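Between the sequences and the hints, there should be enough to build the whole structure, so can you do that?
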Amino acid sequence: MKLHEYISKDIFAKYGVPVPKGEIAATPEEAGKIAKKLGGRVVVKAQVLVGGRGKAGGVKLAADPQEAVEAAKAILGMDIKGLTVSKVLIAPAVEIATEIYLGITNDRTARQPVIIASAAGGVDIEEVAKTNPEKIIRVHVNPLLGVQDYNIRDLAIGIELDRRLWDSFHTITKGLWEAYHNSDATLAEINPLVIDDKGQLLGIDGKMVIDDSALYRHPDFEELRDLSAEEPAEIEARQSDLTYIKLDGEIGCMVNGAGLAMATMDIIKLFGGEPANFLDIGGGANAEKVAAALRIILSDPNVKAVLFNIFGGITRGDEVAKGILEAMDTLKPTVPMVIRLVGTNAAEGRALLAEANMITAETLAEAAQKAVEAAKGSK
Amino acid sequence: MGILADKNTRVVVQGITGREGMFHSERMLEYGTQVVGGVRPGKGGEWVLDGKVPVFDSVKVAVDATGADCSMIVVPQSAAPDAMLEAADSGVRLIICLTEGIPIQDMMRVRAYLDFKGVQLIGPNCPGLLTPGQTKIGIIPGDIAIPGSIGVVSRSGTLTYEVLAALKQVGLGATTCVGIGGDPVKGLNYIDVLQMFEDDPLTDQVVMIGEIGGSDEEKAAEFISQSMTKPVVSFIAGQSAPPGKRMGHAGAIVEGGEGSAADKIAALKKAGVQMADHPEQIPDLLRK
Chain X
1 MKLHEYISKD IFAKYGVPVP KGEIAATPEE AGKIAKKLGG RVVVKAQVLV
51 GGRGKAGGVK LAADPQEAVE AAKAILGMDI KGLTVSKVLI APAVEIATEI
101 YLGITNDRTA RQPVIIASAA GGVDIEEVAK TNPEKIIRVH VNPLLGVQDY
151 NIRDLAIGIE LDRRLWDSFH TITKGLWEAY HNSDATLAEI NPLVIDDKGQ
201 LLGIDGKMVI DDSALYRHPD FEELRDLSAE EPAEIEARQS DLTYIKLDGE
251 IGCMVNGAGL AMATMDIIKL FGGEPANFLD IGGGANAEKV AAALRIILSD
301 PNVKAVLFNI FGGITRGDEV AKGILEAMDT LKPTVPMVIR LVGTNAAEGR
351 ALLAEANMIT AETLAEAAQK AVEAAKGSK
Chain F
1 MGILADKNTR VVVQGITGRE GMFHSERMLE YGTQVVGGVR PGKGGEWVLD
51 GKVPVFDSVK VAVDATGADC SMIVVPQSAA PDAMLEAADS GVRLIICLTE
101 GIPIQDMMRV RAYLDFKGVQ LIGPNCPGLL TPGQTKIGII PGDIAIPGSI
151 GVVSRSGTLT YEVLAALKQV GLGATTCVGI GGDPVKGLNY IDVLQMFEDD
201 PLTDQVVMIG EIGGSDEEKA AEFISQSMTK PVVSFIAGQS APPGKRMGHA
251 GAIVEGGEGS AADKIAALKK AGVQMADHPE QIPDLLRK
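Chains as they are written, first to last, in this note's numbering: chain X, 1 to 379; chain F, 1 to 288.
Watch out, some of these pointers could steer you wrong.
Covered, in the sense of this in silico footprint (three residues per stretch, anywhere, with C-beta under 8 Å from a C-beta of chain X), are these stretches of chain F [claimed, not checked]:
#, segment
1, 35-47
2, 156-163
3, 233-240
4, 266-275
Note that these hints are calculated values from the structure, not bench results.
Since the model is a prediction, treat every value here as computed from it, not as a measurement.
Glycine included, C-beta positions come from ideal geometry on N, C-alpha and C.
Laid out in structure tokens, this is it:
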């Protein structure tokens, strides 16, 4: 789960990272009031969960409150890479001398957190990583020990930071580590971390991504979730603890297991069809969950046929069958349904479904072929 | 014989009194697995599954009492990191963790500790392993595979069942099937298991099932071309997945050109691996 810039920076500030004190506005009037309160030049920044805001025109400088109102007017409602801007951050403008990059993420190959720093920070950091990889300093942290003082010194030395700033850089890096660690982040990033005209380090922009698997112990983040960036059906799916991703095809799929779900999509394509979605009901799904899944699939008007591919393991065939019957009872679907049910309690499941009007298949290839044919027939 | 576990492997089940713990421990007993004990703090002294399996308060007590050398973990998400660490301190040599949804930072700490203790881990978020005719530790349905000479290693759960069933359909069996799980930080990886199959005298050829995301399959390809003499057949799921979309597994994310199905297939082909277009095609590519 991605966090907005202003939320990320609030978290960083809590752990001792100096950031410009800004406030959030949803209307141009609010933006003007905040600019007046802050005094002096301000920057008005779109709060959307996507990179490249500046290049898209979503960040503007304003010399006075009136200009801040104008800037907010221009930015609010703007479309940035498919996302509509509904909030802007108003913060004091900072005179920037140098831009540093500082981020912490998980290196899955090393199975350790890695702190990344570069003296060439700013919007083009990804370009720097490609063209001048020697300018990117990486320091791994032992996950059992956490960040050590020498780790931070290695970073400061690596980016050739002015020694007078080492203490401040230590506080900031330690604070960023604590934010990353205590929030179960998969990414905690300050970019740019600037040296301002007074020679002080200041975190100008921040970004955090929280590990979705850890949200159960961070209910406060769940409340902050920005639903505007998501498909309604995907939101409903998450609330039912299902993984659903809408695609553009005509064959709805309900599968247990992510790997099998992808393989099912692949084989539909191989036989000339297009999957309408990815949907993993997960392990051990009960009847209620299956019913919710079918409701979500059928809410997509492009769906011309539904393919159920259930290979029981931790999921039991009879539970799936009960869910399908329950959902069919209330939804009365008109599109053809192809079902393949094998594995744990599959015989019990098939017996339950014998009365339902469904096309059955033994193998995956047969199921995919029948679903492709059925979708063509119902057009 | 097979790798990692056989009929002599003695298993304790952490979380045996839960719904899934009970259901799958029962299936394991039916299969012939030596489920010698269960663990549920606070329920030590009880007996479950028709009085066949004693329950203990801790893994240490269970191991001391039963001589178990393997622990299977089927506890809720929030309790799983603690359960793995407890198992690592109990004297078992192998931990199989089925639990899904464990935060990655927890897994990095757990894996570092397990390495320090020298204990092997399969999973988390995995279906476990099956050595057909001898033992099953996990949730792979026992009746979908027969004993044979093919080693199977997979990152996926149900897709693995699909492949085992397709092999059985044509009379092909497996030495051992290992579901390593789909999480980004886990225990055994492809390379570890491929090495075990290479060293196992009863395994003649290997099936490797992968999916999009990460670079584990690419690393496996490199290992296969450098260190494996036995033939490998593979299928990679997610060829139709749109880039940038997350398909449910923490591991299944296509990032910056890394981890796409096309990249993985190309790397494996280059390593001399025969690639299947869909899972049911795998038996055709194996040597009879």
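Right, here's what the structure says about each hint:
no.: 1; hint: 35-47; verdict: violated (count 0)
no.: 2; hint: 156-163; verdict: holds (count 7)
no.: 3; hint: 233-240; verdict: holds (count 5)
no.: 4; hint: 266-275; verdict: violated (count 0)
The structure shown violates the earlier hints numbered 1 and 4.
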